[in-house]
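Engineer: Residue numbers (this note's numbering), protein chains in the order written: chain W, 1 to 243; chain P, 1 to 350; chain B, 1 to 292.
I should point out that these hints are in silico values taken from the structure, not numbers from a laboratory. Errors might be hidden in some of the hints.
What the hints assert, rightly or not - No more than 25 Å apart at the CA atoms, straight line, and that leaves these computed lysine to any residue pairs for SDA-like:
1. P:Lys304 <-> B:Asn141
2. P:Lys145 <-> B:Arg118
3. P:Lys145 <-> B:Tyr258
4. P:Lys304 <-> P:Gln256
5. P:Lys145 <-> B:Gly260
6. P:Lys145 <-> B:Ile247
7. P:Lys304 <-> P:Val317
8. P:Lys145 <-> P:Gln248
9. P:Lys304 <-> B:Trp113
10. P:Lys304 <-> B:Tyr258
11. P:Lys304 <-> B:Gly57
Here is how the chains run, residue by residue.
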Amino acid sequence: MSATGEQAQTGVLEVDGLCTDYGPVRAVADVTLSVEPGRVTAVLGANGAGKTTLLRTISCLVPAREGRVRLGERELLGSAVEDVVRRGVAHVPEGRGVIGELTTEENLRLGGLWRGAPAEDLDEVYELLPALRERRRQPASSLSGGERQMLSIGRALVARPSVLLLDEPSLGLAPLISARIMELVRRLANERQLAVLLVEQNARSALAIADRGVVLNLGRVVADADASELADDEDMRQAYLGF
Amino acid sequence: MSAIAARARVGRARIGELTLARGLLLALVAAAALFVASELLSSFADLELAEGLYFFCVLAGLTVLTGLSGQISLGHGALMAVGAYGAALLIGEQHWALVPALAAATAITAVVGLLLGAAATRLRGPYLAGATLAFAVGLPALADKYSSTFGGENGLVVNPPNPPSGLGSSLPLERWEAWIAGAGAVIVLFTLHNLVRSGYGRAMRAVRDDEIAASLCGLRVARVQTLAFVVSAACAGLAGGLLTVVLQLASPGAFQLSLSLSLLTAIVLGGLGSLVGAAWGAAVLVLLPSWTRDIANSFSLSTKVSSNMPLAIYGLVLVVAMLAWPSGIQGGVRAGGARLRALVRSRRGG
Amino acid sequence: MTRFIDLTLNGISTGTVYAAVALALVLIWRSTRIVNFAQGGMLMFTTFIASAVINSGASYWVGFVVALLSGLVLGALVERLLIRRVAGAPPLNAVIVTLGLLILLEAVAGMIWGNTPRSFPPAFSIRGYDVGGTRVLFAPNDTFIVLVVIGVAALLGALFRGTALGLRMRASAFAPEVARLLGVRVGRMLTVGWALAALVGSLAGVLVAPSVFVGPNQFDPILVFGFTAAVLGGLDSPYGAAVGGVILGLALSYVSGYEGASLVTLAALVILLAVLMVRPGGLFSTTRERRV
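Bound-form chain W, shown alone (with noise of 0.2 Å):
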């Protein structure tokens, strides 16, 4: 399989008027926001509030009903899921998605083998995340929630994406390992230039770490301004933030 059959794409993210149907219900009602380079940009809001199809709506896992998603100059609606990850876009799904039927190591490899990545990659990951290392040969079934967490950042990581969806990265982890993790989405924002799109419910961890926050409510764009803002703002908190 030819690794650059597909050249990744680099650039902004840009959602644009998106809509998705569940059935009858609007999930996601004409969301528009942009996502650069190096920044993370926080999306929250309730349950049920869209997020999730959101992310699902950007990786081709439903369908758009309306609008555009691009990367850079490159429209990424309309592909093939498994193209997704080819045009640059890793997500990482809600519930982490890892294979826990698969060893770490071969979790990780799987990252990779779209574009035939080197082993050496995979050492790269090990550097970053040296718990993983211990527990390669493991089920990873056997992993705990933390470490699940890495594994599956890190196995977006082999994918070498230049956008990143997290999913509720810290749902069902303790506050200090949750802290952990978004810290870590914050380094790898800094440092490869990773444009972030994360989907959370604990608004106050993602807002301390992201550049810009994006507040969905019923499908819809709320509020969408510096993660600082929203952060000091009284009746966004106790509105939609709960905290």
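Use these hints to put chains P and B onto chain W, whose structure you have.
Structural biologist: Quick look at chains P and B alone, frame taken from chain W:
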């Protein structure tokens, strides 16, 4: 409170009576129609009618099981074998009269169905299909194992049923057989018609749609499913008994796996859960083989081809029906009609 | 005592064949959650093809290879043309499609080759080995059966464990959506999976054909045995399928030897029901209870 409850009970009883009356009316109409048909038809066609009627019995039971209660059975051909051999032994060896022999054959099969059904309640989808498949493949071999009782490969032969002398000596045997099978089919129709509309029918649908919700509502899921299996096994047993009477033969070759799969095809064709569909399915099972034989003869195809043609069509129908119309042919005809109308309309518009 | 040993040896030989059928079913169940009831028809058809090739004068080995290759092609075609279209439908639909394919294949085979079972040559001699002056119920052909099944299973294991293709296939089976997000062409992997499974099934067909003969319905019991063996080992586990096949082969060999061959399929039914009642996840499952 008690007054309301009493009124509700009266109301329910009235609805029950209404259903019963409607079922009775339906049965009478069906019986009359069958009588007239049998009088009009030739004796060969009467034989085909009789075959169709016993197929209706088993198909009606199977379609209620699969369509209403959501259980699949590949074993109904083998259950027919139980009824057929039961009737053959009772009539041929024990010299029982026709009606008690058929009733006993039905009861025996119901007991076998109870055993199978009790196991089936714990199985779902492919597991149930696999277990009943094993039953369908395994049971005919018993005829070989106990060949002194069951007659081995040749099976058991019984004497043709004698029409009562009161009906006159001119009554053709085939017409009498059609009447016997017709009586069985009418009983099955009446019973299932009422069952489907009774509380049990509702319980079966509830269990099919959502077992957990049904059990939370206080329904005993296992009991409802076992009952469905027993009823449909009884129908298969009666069908088998009637087959013995009509064909005067119960042999293992008649109850191979292909019979069970043909039955499945027939209910899929008719639309799962539909008693009318069961009648259509029965017609297909009887008429298709003779049609394909005629077609094969007119194209002078070999018997290899013509004898396998019906099975090939059944297989094709099952595959195509599931791919094209997941809700059965009836639904497919409706959907196809709608599409055709839309096409015509768009042609006219353009 | 010698009878018991004979039956045991015979059970091991037939059990490996059941294991191969079970393996074919398990590979497909793992990746598509479908029990391929058409497997009995598919392996019947490819064995008929081999029989036709051999009868036309070619050597046994040409027929053997043709059977395996035609299995590969048939499996891929079935997945592409039929299974892919019922992927999202209720499970009952997939069951009915595979059953429809089963009778369709049986009918077409009957049309082409007739319904009278015909003999099929074994690869090697079926005269039992001579052990200390007595002839045991285990022949060079049985050795071949056991070795070739073990060999194919080992090759498959190496493919799944040791290659990138195998990793992709396992990922597609366990977590199709995640696999797609990671760029794995899951549809292609399913096709390859069905092709490989059908190849294993075809192997079983050719191996068992000398003892059951080749005919449109001759392999129905083999399908039942394969399914039983697969359930015995837990439908999800290839190792379970292998062990389940051998256990079933032994059990059925004793039933056949002491009670008569015609009870064998019903005995399989009893074993099947017993396993499903007591350990629905199979004999080797670690999960305690699973709804079946």
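Engineer: Could you run down the list of hints and mark each one as holding or not?
Structural biologist: Hint check results:
no., hint, result
1, P:Lys304 <-> B:Asn141, "33 Å, violated"
2, P:Lys145 <-> B:Arg118, "23 Å, holds"
3, P:Lys145 <-> B:Tyr258, "13 Å, holds"
4, P:Lys304 <-> P:Gln256, "18 Å, holds"
5, P:Lys145 <-> B:Gly260, "7 Å, holds"
6, P:Lys145 <-> B:Ile247, "24 Å, holds"
7, P:Lys304 <-> P:Val317, "20 Å, holds"
8, P:Lys145 <-> P:Gln248, "22 Å, holds"
9, P:Lys304 <-> B:Trp113, "8 Å, holds"
10, P:Lys304 <-> B:Tyr258, "38 Å, violated"
11, P:Lys304 <-> B:Gly57, "24 Å, holds"
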